[in-house]
Structures are given as structure tokens and as C-alpha cells.
Amino acid sequence: MEQNHTEHVDHFDPVASKIGMWLFIFTEILLFGGLFIVYSVYRYKHPVEFHLAHQELDVTIGLINTIILLVSSMTVAMSITALQTGNKKLTLIFIAVTILLALVFLVNKYFEWGAKIHHDIYPGSEFLMSLSKGDMLFFGLYFFMTGLHAIHIIVGVALLGVVFAKVKNGSVNQNRFSLLENGGLYWHLVDLIWIFLFPLFYLIH
Amino acid sequence: MTGNFTTHRMPSYLEQQGKYTGIRAWILSTDHKRIALLYLYSQLFFFFAGVVMGIFMKLELIAPGQQIMGPQTYNALFTVHGLTMIFLFIIPGLAASFGNFMIPIMIGAKDVAFPKLNLFSWYLFILGAIIILVGIFTGDGPPDTGWTFYAPYSLKTNTNVVLTVFGAFVLGFSSILTGLNFIVTIHRMRAPGMGFFRMPLFIWSLYGTAWIQLLATPVVGITFLMVVADRLLHIGFFDPAQGGDPILYQHLFWIYSHPAVYIMILPAMGAITEIITTFSHRTVFGYKAIAMSSLAIAFVGYLVWGHHMFTSGMSETARLVFSFLTFLVAIPSAIKVFNWTATMYKGSISLEPPFWWAMAFIFIFMIGGLTGLVLGSVSTDVHVTDTMFVVAHFHYIVFGGAGLAFFAALHYWYPKMFGKMYNKKVANRGLLLLFIGFNLLYFPMFILGMMGMPRRYYDYLPEFATPNLISTIGSWVLGTALVIVVVNLLRAKKGTPEEIDDPWGGRTLEWKIQSPPWIENFEEIPTVEHEPYELTEK
Ligand code: HEM
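Residue numbers (the working numbering), protein chains in the order written: chain X, 50 to 254; chain C, 253 to 790.
Don't read these hints as lab results, they were simulated from the structure. Note that the structure is predicted; figures quoted are calculated from it, not measured. Just so you know, not all the hints are guaranteed correct.
Lysine-lysine pairs mimicking BS3-like chemistry, simulated, CA-CA at most 25 Å apart [to be verified]:
1) K368(C) / K271(C)
2) K67(X) / K368(C)
3) K540(C) / K764(C)
4) K368(C) / K94(X)
5) K138(X) / K217(X)
6) K67(X) / K217(X)
7) K94(X) / K182(X)
8) K182(X) / K408(C)
9) K217(X) / K368(C)
10) K368(C) / K215(X)
11) K672(C) / K746(C)
12) K745(C) / K676(C)
13) K746(C) / K676(C)
Isolated chain C, as found in the complex:
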């Protein structure tokens, strides 16, 4: 089945005409590829909204004293920024957009197991987003609790917490259903010959992620409902005045929210694995180790939530155990990095834009990971917790890791999804600028944290001025770079089949069909005869 796509082509899923036309052909479509694009566009929209908020915050922090906003506005801004970025951009993350698009294609299926449920999940996602938006603009102002909604402050503040928390609950529901759909799809829809150990590693990472979504999200869901009930009905689950225990809230919150970090990062690692393998033109090194490390991360990731609470009041033993387990998660993560390096070793690497994005990812992610060890050991954590060090660390992990991988994946699969090729030179330059801006913006925050500047304040002491100024300038560079990158993608040109069907010499199934794919993906369900990354002549 290789090669024949250039001769005879089907109408692509983008052009396909059904009963509905216009916007309804999209929002009523159960095609996984269209739903993937719905997610992609909504997520990018929220991402840019979050970026604008971030840049405003940095503007406030350009110099000591009040610049453009007061404390209440700043508190609301970092809360809404955190909420938007976490719940609306990075938790659906690569799974909802690229996962939706690629899972059926990469395992040789026509769609996911439950197409209608898939569309329903997107509706829930949008509904949750709307509820949060309404919560921000109505009542007594946007929430100012931080995205973590820590009790008892979240029970006492006059701002509109109920709606926002409820919105987050609805989003959780959407995430659960997506995970459920993916698990069943991967179990039931693989093409003949596609055994579990012949699946591309991106699929493995999504499989691990889906289990986390399924098993961790309900816990935070019920926790959010309890917060709502506390506020509306005064039950007092987490209100010390009524016997409730705020620390219990933190436990329940992090039982979900730490695994949620892996919901964000696992698919990112999966996409990076695909990219590195493709551009190294070698089979991946240590296939099983990478696949299993995804599951290991998913599993151990459950048991480390306590490291967010080293200073919240926990027994010495609990702190040591959590600290030890935290170091343990570093192992499967490191396995991946070593395997990527080993895959590149003696490969014939082509330096295309997606590969550069992957390199930027590894570099930045490593800094994030290593500073994570500082936070993972109790003795150092108590010094830098709740400082800018933490802010720098999680931006390095979440933005530099999952966020960059999102763009890496976008550059990698762009020709497949849209049938267009962007200007590679501009893409590379945009990335370079972004890399510089990113480090300018966040690296000074490590230093600020070491110096003792706390997070979540609109103002600071004069001695912190210089690094903050550099950081603010970095935010402008980063903002500019993002605009360049996106405009470049939007200006991509339609390519000939040779240019877009398989531009990188990829070996997984998605590169064996036309770009953009036909509505049914495959004219004939393929039979898989070898390992996913085997080099075959074309």
C-alpha cells in the first residue's frame, strides 16, 4: 500500500461535504479529525488569551511599586492565567488535539470507538470554559485564590469561586470521557497485526495518559463539588470553623493535580519520541523501555502528591517517603531522555524544524527536571517553596516541556493535518527567538527565587529589580516569537502530494496515507507486518 496515494486521491476530510454545511459541518461532525481541529483551535485560542495575561503580569512586575494594576487585579490575573493555561490549554493538551487526530490513524482504524461521545466531550469542554468565563465576568469579580483553590481561603473570599470551580468540574468530566474513549479505542480498534508492541510510542504515551485521566480526575471532581457545597450549603468539609480540615483539601487536590502534570507531559514525550525517531532515520532505541516507562510514570506519578505539601504540615516520615518517591519518578523520565539520545546516536539526522523544536524541548525540559530535584528534596524545598523559583520550575516543565512539544507536534504533523507546508526558514528563526525569549523570561526567576522573592505578589523589594526587568523584556521577546511562529504556520502554502504526503520520511501509518487524510482514513484497513519504526524501502 505504499506509494499509490500520489496517483489516485480521495476528497480530504477538510473538503468532505455532508448533510450540513458551514460551521455546522464542523460542530456537528463526529469525525475524529474534525473534532481534533475543534480542540486545536479552542486550545490555541485559550493559550493566546493566557499569554496576553502573562505578558500583562510581567509588565506589572517590570519595576518595584505599582505600575499598571493594583494587588486585587494582579491576584485575579494570575488565578485566571493559571486556570486558563492549566485547564483549558495544557490538560486537554496534546491528547485532545493530536491524540484525537492520530490515534485512529496510527493504529489503522477509521475512527475512535465512540465518535458521538468524542464530540460530546468537546461540548463539555466548551461548556466548562463558558462556565468559567461567566464566573470571571459576573458576581463579585474573578476568583483570586490561585488556580489551586486552596481552602479555607477559597471558602471565604467574596469573589466568584463557585462558578469557576464548577466549570473546572465540568472540564474534568470531559477529560474523563476522552480518556475512556481512547482506552477503548486502543484496546478494540487496532488494525490486524497491530499488536500492543507494534503500536507507535505516541500511542503508548496516550494510553498511559488516558488511564491517569480516568483514575485521577474523579477525585478532584468530587473535591471541587465539596468546595461548591461548602460555599453554597455551608457544610464545612474544609472549613476549620466547622470542624473541616483544609489540609485534607490539599491532599485531595494534589492526588489529582500531580498526576495531572503527567497528563500534560506524557503525550508530549510521546510526540517527541516520534519526531526524534523520524528525523534520526533509525529505529527507536529501547522501544519497550520507552513504552513501559510511560506506564511507570503513570503509576508512580500517583504516589508523589505529598511533595506539594512539604511545608503544609505532615509527619517527618510522610515527607521522607514522598520525597523518595519523587526521586523515583525521575528514573522513567530519564530513561526516555537517554533513549532519545541513543536513538540519535549514529543516526543520519535531518535538521528540519520539528527536530529543532524537539531539541529545544529536551534542553528546556532538562532544566525543568533538574530544578525539580531541588524542590523534591525536603531540605531545599522549604527554602524556595512559594518563591519565584517554583514559578520558574513549573513554567520550564509545563510550558517548556508540554507547551513546546505541542508546537513541535504542530510543526511535525502540520502537513498531514492541513496539506500545507510552512516556510521552514522562518519556522527555525521563530523558534530561535522563542528559545532566547523563554530563557530570558524564566531563568531570572530561578535567581529571584533563590534571593527570596515570593510568588503571587504584584510588588517587590528594590533589590529584585534587575532580574525582573530582564524577565519582563524576555516576555516581549517570547510574545513576538510566538506571533512569528503562528503567522508562519497560517501562511503555509498548499503543497504537491510529494511535498505533503510524507515530507519527513516517517514510518508510522499516518505517513502512508494521503494528506490531508480522507474522511475514512484508509481505503482499506491495513495489515501491519512489522515493528512501528522499521526502515522499509519506499
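Just chain X, same shape as in the assembly:
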């Protein structure tokens, strides 16, 4: 797409792309912020139902997934350090581990959701419709928010996949690593959102 710009001096400004990424992260936080507002309002309106409904969730799976994401945040950070010191192979390993952890997270999520759906708890199901309004809202929010978060995980995996390929062919390297850095920032965001989702759904009494 650069042909109209053949005369452009290659404009590369890592600071600009980092500012851009941070701004994008703000917007993502605001996106989930809207959902957190909705969650708080409904929790305030239906405290008892929310409390009872949350006991249906499996804290162990949630905790495992939290640990998985935290570790993956660490590995992605390590991949950046590895690239900065010029160790390409180690960088690739760390990115691959991050992606792998993300996939494990998704598999866990799959089983967790699967169990709920198996018990006829999903938005619009007849069983859920027969429960109280607080229950409907709790599980509605649960599926919507963790679902949206899972979509972000998938996007993050795709992003890290691209970065992996670019590190491999050398276009992201020791001197030009802002794509990896931004991918890492995005990954931390995904992690951060989960850090809020986990207590909201699994822990708060």
C-alpha cells in the first residue's frame, strides 16, 4: 500500500506507536468499563441473587485460569527482554509459551462453559428463564463478559502469532521491536481485565 509514498522517507517512530497503543488500551478499558457499570448497578439491585448465583461458579477453574494468565503475562514480558538482548531463539520460545498458555486458558473456559450449558444455564435457556431476575442477569453478565474477554484472548493470540512470524523472519528485531512491545501491552490488558473479572464473578461474597 506504500506505492503512492515511494518518495516518503520511511517514517518510523516507536514512541508514536507506543502512544497509539496506550490510547487504544484506554478505549478497551472504557469498553469493559461500561460493562462494569452495568454489573455494579445490577449487583446493587439484586444482592442476594447475585450472591447465590456466584456460588454456582467453580472457583478452582477460575483460579487456575488466573494463574495461567499471570504467568503468560510474565512470559510475554520475558520475550521482550530476550529480544532486547538479541536472543532471537529465546524470544520465539517465550512467545510460543505465551500462546500455548492462552490456548490452555481457552480450553479451560470451554469446559467451564460446557458444564454450565450442560446444566441448562445459558442466556435464553428455559431453565434460566424460570429462575429469578437476579439469576438471569448474573449469568447473562457472566457469559457476556467472559465471552467478550475470550474474544480478546483470541485476538491477542492472533496478534502474538503475527509477531512470532515477524520475529522469525527478522522484521521485528533487536533494533525494531515496538510491534512485540505493543503486542505485549495488549496481552497485559487482556490479563488486567481478567484480574477484574475473576473476583467480580468468582470471589465477592
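We have chain X already, so just place chain C with the ligand on it with the hints.
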């Protein structure tokens, strides 16, 4: 670097040949100027589509009783008219077209910070528009909820709400990315010497706008997704039958959509500032006050959404607070109007078409602003809310404000963007006719609203007949005037460099380069040595 453009000229961005030819040279170009024109053409297309719908609605309202369409068609028509005008014309507004064209040039850069992202934003814009269009023509008919998609009706109607709402979500994404791009561009790409307080005021207004785009749009984005989820998955976020709260929808919607009004109006005010300064041949009065008032509007504009909901059920305290904050936004807006007047005072004003457009803008915008105060105070609002008074008010603000400024900017920068000059006499006459038509069309609506005629009905009581007839005639005058204005622009003639490079004696950077600009804008990045509107000899 003044003056030398007449002697040695580069091929303009319009003629530049790249690897691609024909249409692909446009839709694959990452040049900010070409992308700006892509936006300009698409926005004007949607604007005229919306105008045609508006004129049909007015035709229905020419007399009591059913004229040319039934209630369902009318409901669909005002919804689609509102959607088109708001999301496809005025929210991208001056920022996407003129902002894209002018930001890099006015701050002395070759392009925006992320050219590819810029093109991607336009693709998202078109994708969103297509999704909305598909939503209109498929399923069980076009949405009939009004452009606000209020729950729970938007969850219950059988019309095709899902696709339209999703389209609006995609458009929001496009708007966010444009805002992001502009913020980074303004921070990182200013030419040497171009400090923040040496930026032209149009850039300041776009900077404020970009922040609103970035910070407000995600909230409505997620709200729209929740509506989609409610309809498809029956989650019940906003459905009272399932415990959801429709009032919460209104809060979330207006948290975005009120700041969105400032997304529309701030760049408009910025462009008007440029025009008034140029044609008054004086430095602008109160540069910092204008710059800061842009930011103040952006900030306070966040906190006033509740005034759309005075009658929706809110505590007395909340209503008073929102009302007070609403009056507060009037202050920065008034600062701008006073500064424009002070800039003109003792200036040597040249009465060119863009200046007349700016005058029409100020006049109409003032009526819109003053009637806004009627709606901003709780006690009067409860009487005129949901009447034609509101319809008149927001057309005065959005069309008379942002819409007129769009055309003012088009007349101001036309020679720069296209290297052509239009017939000034015809431009002035077209504007005069438009001004008359506009007031004929919308002023009677204030009276109708006071008399109690509700909005969003295809029919009305016989006592409302006369003002409605006048209003309908106004819509024809306005339509004719718009055709004259646009045909006149299309028939503009190629000018000599003296006629088009700097026809108005402008002092900001865009007037120091050739028209139409070269693909790289500047042969050499300029160094800025003085304030943006300083009078220098040429
Ligand atoms: C020739 C130009 C125009 C005409 C004749 C026109 C006419 C109308 C009419 C008759 C209505 C419906 C009133 C009702 O029954 O509630 C309406 C609604 C509306 N118009 Fe316009 N209009 C024009 C231009 C514009 C422009 C330029 C904008 C915005 C930039 C705009 C934005 C809206 C909006 C947002 C609504 C409300 C839709 C709703 O109720 O959901 N209009 N217009």
C-alpha cells in the same frame, strides 16, 4: 519559503501517479489528502440521501392526515434519516474530511502518524455504512426506533434492529481509530518550532474532538453490543421483564451521545475561527481562551448527558445538577462567539463567500444555543420535550451549526483542495437562499413545539396546519439552495497559481504551499517562527 510556489510547481496529489491507476489509486492510497476526499465524497453522498428523506417527511407533513405514506413508513424514514445524518454525515463531520486533509499540512507534516490505519478507518466507515444499508433493506423492514434505539422498544420491535445497531458499532470503531490517529499525529508530528500554542485553532478543536472520540465512543460501542446480545441471546440487560433496566440504557447511550454533539460542533467552531480570522485580516482575539475553551467544552460536555433524561425518571438532585452543568457548557461556547466578534472588531473585513457562510453559522447557531437554554432548564424542558421544539433546536445546532460550518469550510478550502475557484456571486446567492429556506423550514417548528405538536408522528391536528405548510415550503427552498450551492462548486474553474494558492490571504501553513498540494505537502519541512495568525508581509 513564501512566494516561491508560483515559480516552480510539483505535480499535485490529484495527478500523482503511483503503482495503481484508476479507482484503485484512490481506494488503496494511504495519502491523507486522498483519504480526506474519500471521506468528503462519501459524507456528501450520505448527506444528500438524508436530505431527500427529510424532504419526503416534510411532504408528508404538508397537511393533516395521510399524504404520501403511512405511519410505519414515516417511523422508518425518520429513523433512517436520523441514523444517516448523525452517524454517516456529521459524526465523521469536519474531522474526517477537512481534519484529515488539514492536520498534517497545518502542523507542517507529510502525513498523519499512522497512514495505513487512516485508510483502514475509512474502510471501517464504509463497512459500517454497508451493514446499516443491508439492515435497512433486509429482514423485516428498516428499524423504526428512532436513531436513539431506546430500550425496551428496540428489543421488542420486529424490524431489523440488530444489523443497524451493529453497523453503528463498527462506525464507532472507525471513529475511535481516527481520533487515536489524530492525537498521536498532533503530539508527534508537529514541525520544528510549532509548539502547542502555535498551532492553528482548527487543530486545537480537532485535538479536543479526538479525545472525545476516544473516550466516549467505547461506552456507546459496548451499549450497542449489549442491545445486540439482548436481541440475539435474550440476555435481558435492558429488558425489564428479565430484570434489566431500560433507564440504564438511556444513561449509557447519552454518556456517549451527548459528547457526540461536541464531536460534531467542535471542529465546526474551529473551522469558523480560521475563516473569521483570515477574512478579518487581524490576529485572532484571545487565542488561548479559544484553545482552552475547546478543551473545556470537551471536558464539561461529558457531564451533562442527564439533560436528555429530565423526564425519564431521575432524582430531583440529579436533575438540578445536570441542569446546572448544562448551563456551564454555555460559557465556553459563548467565549468563542465573543472572541469571534472581538476578532472582527476593527478588522478590515473582506466579504468573501466563506465569510458569509461563517456569519450565517453564527446567526443560526446562536438561535440554536439560546433555545438550548430553554431545554436545559428542567422547568421549561418538561413542557417542550418530545415536541417539534426539540426537532427545531437540534436542527439549528447540528445542521445550522455543524452542517453550515461544513459548507463554510468547503468554500474556504476548496481552492486549496481542488485547485479551482467557484463563482463567488452564485455562491453568495445560493447561501442567501439557503439561509431563507433554513429559517422557513425550522423556525415554524419552534412555534409548533410551543403549541404542543409532538415529534415523530406522521399526522397532526388541524390547528397545526399553517406553520407546517410554511415549513414544508421552506424545505423546498432549502433543497433548491443546496442544489445551487453544490452545482456551483462542481462547475468551479481551474485557476492560475495566483488565484488559487492563497486566494484569501490566509496566514496558516496550508496557504504557504501550492494548490492543490504536492503528495508530500512540503518540499522541505518548514520551521515555524511565530504565532499562527501573525501578519507578515508577503
Ligand atoms: C433538508 C434537510 C433536512 C430536512 C428537511 C429534515 C427534516 C426532518 C424531519 C421532518 C424530521 C422528523 C421530525 C419528527 O417527526 O420527529 C427530522 C428528524 C431528524 N433529523 Fe432532520 N432534516 C434535515 C436535515 C438534517 C440534518 C443535516 C441532520 C443532522 C446532521 C438531521 C438530523 C435529524 C435527526 C437526528 C432527526 C431525529 C430522528 C429521530 O427522531 O430519531 N436532519 N428531520
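Do the hints match the structure? See the list:
Pair hint K368(C) plus K271(C) holds up; C-alpha atoms about 16 Å apart against a cutoff of 25 Å. Distance restraint check for K67(X) and K368(C): the Cα-Cα separation of roughly 16 Å lies within the 25 Å cut-off, and the hinted pair is therefore satisfied. Taking the CA atoms of K540(C) and K764(C), the gap is near 24 Å; set against the 25 Å cutoff, the hint holds. The suggested pairing of K368(C) with K94(X) is violated, with an alpha-carbon distance near 46 Å, which exceeds 25 Å.
At most 25 Å may separate the alpha-carbon atoms for a hinted pair to count; K138(X) and K217(X) meet this at roughly 9 Å. With a C-alpha separation of about 22 Å, the suggested pairing of K67(X) with K217(X) holds against the 25 Å cut-off. Straight-line distance between C-alpha atoms of K94(X) and K182(X) comes to about 10 Å, which keeps the hinted pair within the 25 Å bound. At roughly 18 Å between alpha-carbon atoms, K182(X) and K408(C) fall within 25 Å of each other, so this suggested pair holds.
In summary, the hint linking K217(X) to K368(C) is supported, as the alpha carbons are separated by about 23 Å, within the 25 Å threshold. Taking the CA atoms of K368(C) and K215(X), the gap is about 18 Å. The hint holds against a cut of 25 Å. Our distance criterion of 25 Å between C-alpha atoms is met by K672(C) and K746(C), whose separation comes to about 4 Å. Under the criterion of a C-alpha separation no larger than 25 Å, the hint pairing K745(C) with K676(C) is consistent with the structure, at around 11 Å.
Using a Cα cut-off of 25 Å, the hinted pair K746(C) and K676(C) holds, with the two alpha carbons roughly 14 Å apart.
Against the hints set out earlier in the document, a violation occurs for number 4 only.
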